[in-house]
Amino acid sequence: MTGGRAIILGRIREALHNNPAPRPHTSHSQSEAAADHNGHAQREWLPKVGETLSERIDLFAKISEGLTTEFHRVPTMAAARDLITKLATESGWKKIGSHSHHDVDALLEGIDLPIVRTEKGYAIDDLESCDAGITGCDVLVAQTGGIMVSVESAGGRALSVLPPHHVVIARTSQMVPDLTAAFQHVKQKYGKQFPSFLSFITGPSRTGDIERILVLGAHGPKRLTVVLLD
Amino acid sequence: MATQSADFQTLSRRYTADKGFRAFIQKGMSGYYKKRDQNKANFQDWQGARDLAAEIKYEAINHLDKYLLEFEAKITARGAKVFWAQNAEAARDYILKVAQENNVRSIIKSKTMTSEEIHLNDALEKRGFGVFESDLGEYIVQLRKEAPFHLVFPAMHLTRGQISDLFQKELGSEATDEPEKLTMIARDVMRRKYCEADMGISGTNFAVAETGMISITENEGNARLTTSLPKIHVALLGIEKVLPKLEDLSLFLPMLATAGAGQTMTCYNTMYAGPRQPGEPDGPEQLHIVLLDNRRTELLADAEQRDSLGCIRCGACLNVCPIFKNVGGYSYGTTYGGPIGSVITPHLRGLKDWKHLSAASSLCGACTEACPVKIDLHHHLLQNRRNGAKSAPNPLEKVSFGGFSLMMGHPALYRLAVVFGRIFQPLQGLVNGTILDPLRAWTGSRKFPTLAPQSFHQQWKKDRGGKK
Amino acid sequence: MRISLFIPCFVDQLYPNVAWSVVRVLEGLGHEVLFPESQSCCGQPPFNSGYWDESRSAARVTMKAFRDAEVVVGPSGSCVTMIKVFYPDLFKGEPDELKARELAAKTHEFSSFLVNVLGVTDVGAKFDGKVTFHDGCHGLRELGIKSEPRALLANVKGLELVEMCEAETCCGFGGTFAVKYAPISTAMDEVKCASILETGADTVVSNDSSCLMQIRGMLEKEKSAVRSLHLAEILASK
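Chains as they are written, first to last, in my numbering: chain X, 1 to 230; chain W, 1 to 468; chain L, 1 to 238.
Chain X with its partners taken away, still in its complex shape (with noise of 0.2 Å):
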């Protein structure tokens, strides 16, 4: 059912026949840019975001402190299976959902917990009383400090939101500077076969809704670690 779209069109068509806006007041010329829409205009605009690798590493964890992420960067895949172990024995894990990753497998080889898999689909109480959500993700933004996850990387929709703990391992080669590179990344990887699901998280859930104090934790995880390794 089709609804009103024949309508809805002809009112905006008519609305919009010879029948031109002012444009906007704008100081500099945008109207180039803002056609060929490559997404580089912006950044002439949007905060810097450094030029090598290691400056980037360096604001996305200067970022991650003032959103309370928790960012981990390990030089071996050993040593961050020992970080693991640790937070599951300090946080007093019990169950544990993660997906089928090369990352998040090798980080997860020998741990001794049950693990609910989500790659072949999962019961959603089962997911729901997991401690903690394991996943890798697509790439880490520097400009914004956060990563963008998606059905691929992530184990499906839920698996990096229900449990209250997300812990994500990503690599220094997934870093990108700004969200246009992330888009672009999106492009490039997954062509015309978009996964349903693409999420930008920047540090562990919160609200401002009582009386605009921010407040941590609210419905989605508490608490965000990102391990990164070389």
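Hints are supplied without guarantee of correctness; some may be wrong.
Here are the simulated PhoX-like cross-link-like pairs (lysine-lysine), alpha carbons at most 20 Å apart as the crow flies [claimed, not checked]: (1) W:Lys-398 with L:Lys-180; (2) W:Lys-325 with W:Lys-27; (3) W:Lys-169 with X:Lys-48; (4) L:Lys-157 with L:Lys-238; (5) W:Lys-231 with X:Lys-120; (6) W:Lys-145 with W:Lys-169; (7) L:Lys-157 with W:Lys-447.
The hints are simulated quantities; they were obtained by calculation from the structure and are not laboratory data.
Take the given structure of chain X and dock chains W and L to it, following the hints.
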């Protein structure tokens, strides 16, 4: 009817008289101002960003049919259904039909002002569907049976004490004055709801034509949960929300975060390209996109004010508006308040009944200055006034200004009128502040100045003689 | 220079001293000041309320009065805005459109004229006092006037300038808004006056007499000792 206008006067009088309430609202805003300014300063050029955002929205709105069709084609190719709703009733009926056909019992919602606009919750509840608002602020006002107070912060008018009392009463929870504990109470309630709901209804911040995606911005994670676990996802959006390209989001997402909440980036910005695709482990089986007109095309047809459709619903204009801060969101008596609401409501709900919102402004222009997409808000208020005066002039005003223009159009008359003014001034002094005082709207709170014994005109003539 | 004075109707009737202060400053700088006596009102009140035909009647008188003026200067951000920003809108598509644009181009607000046209920031004024400046909204947002009054005040001997937190927040006058929506206007005035008092200033200054009417009205009603003066009056004091 003049009731909306009278209601506004009554409510604004009540709220402005409550100094404690006004101070509370101001306090809530002051934290935002600081963070917003820090983030704006972080941009290499915030004004440059605004210019580009305005241009992108100009392109989108002025080619709206093209981009809507592209969006529809791309997202339906991946199995989403797109329904074009002419008005509120059509949108409600469609959503009801989807719920009924799929034997939905429990519905969970994430924040959508568009659903407020079409009074969706009421319609669903009347048909026996349980509807739960998952956004903390929306959940709070839902429990209080109130409308949202502010576009972005629905419960900012309530103190933590009031929220604690509310939760005690409605949920049987323990009293607490800690925002964190209150948030956890809501979190625990909602967790079951996400897992049990058959249908999730969300809003949409942006629709992307190029890739056929919708984008949802939030901090809490409730929208992601609303759209991940239930087997049906209904996304509601005004037709004006479509953007041409995916990369446009790289500008709009940070600007929305900064202008809306003083954040560098909102916690979750999620793009949905369809229902669960083959091979995906979770996600809704059905995605229904409801595109809402509801008289937006009338606003589109007003070329002078068409840019108002570029609004990204960030709430920045509400946050800086001295009227909003002093009268609060409920005085407006309609879904969209503050400057943007005052501009668009006459178009969406009728000029005659709603033009008073455009009159209730000092036209200070702080809104226009704050708008990330450079909508000419305060000038649109002037244009609404002009349109209102043309189509439905207030008879008393028409006569007064007619007299005024006669007087000012004829300098000799003006000088004569001034003589009378000086005669009447002492008479006004006799009734000053009483019910007989024609100036009491002013003199109630402010002293009225005395006319100078001689006008500048008269003094100049005396002092400079015949000199021009 | 031959400078034609544009004196808003309420300055004419209520605050002629402000007009004389402008005259003194400009003549003090060696310029010739003219006052076309046929001027009455710029037409802002009916314009703001949406009665544009009625506004045009008044505006035409203003345009005629200044037709031969070289340059027009007025001590009011809001009335100068009416001419500079809104006359072109008001007369768009009308026979007088060109005249409207011509007048708009040659009209200036007083502080902007001194600093941006004459290039003057020191008029040799002297004023002992702690002053805070209120930015009238039209001057600030329509004409972009922010630094000019402050540059002028910085050179006034004996004057100490302190900024209030709510300097750029509207005082709540807004023309007929002040009486049509009196409770809101009053609330905004309260916020403004509280911010003024917080600075400890003994004088509040603005480049708009309508704002001063609103602010002074409340300060006097509350029996405050804080004075309110127009920028021109400060600049004319020796």
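Results of checking the hints against the structure:
Distance restraint check for Lys-398 of chain W and Lys-180 of chain L: the Cα-Cα separation of roughly 15 Å lies within the 20 Å cut-off, and the hinted pair is therefore satisfied. Of the pairs offered as hints, the one joining Lys-325 of chain W and Lys-27 of chain W holds, with about 10 Å between alpha carbons and a cut-off of 20 Å not exceeded. For the suggested pair Lys-169 of chain W and Lys-48 of chain X, the alpha carbons sit about 49 Å apart, so the restraint of at most 20 Å is broken. For the suggested pair Lys-157 of chain L and Lys-238 of chain L, the alpha carbons sit about 9 Å apart, so the restraint of at most 20 Å is met.
Restraint check for Lys-231 of chain W and Lys-120 of chain X: satisfied, since their Cα atoms lie roughly 17 Å apart, inside the 20 Å limit. A threshold of 20 Å between alpha carbons decides the hint, and for Lys-145 of chain W with Lys-169 of chain W the separation of about 13 Å falls inside it, so the pair holds. Taking the CA atoms of Lys-157 of chain L and Lys-447 of chain W, the gap is near 31 Å; set against the 20 Å cutoff, the hint is violated.
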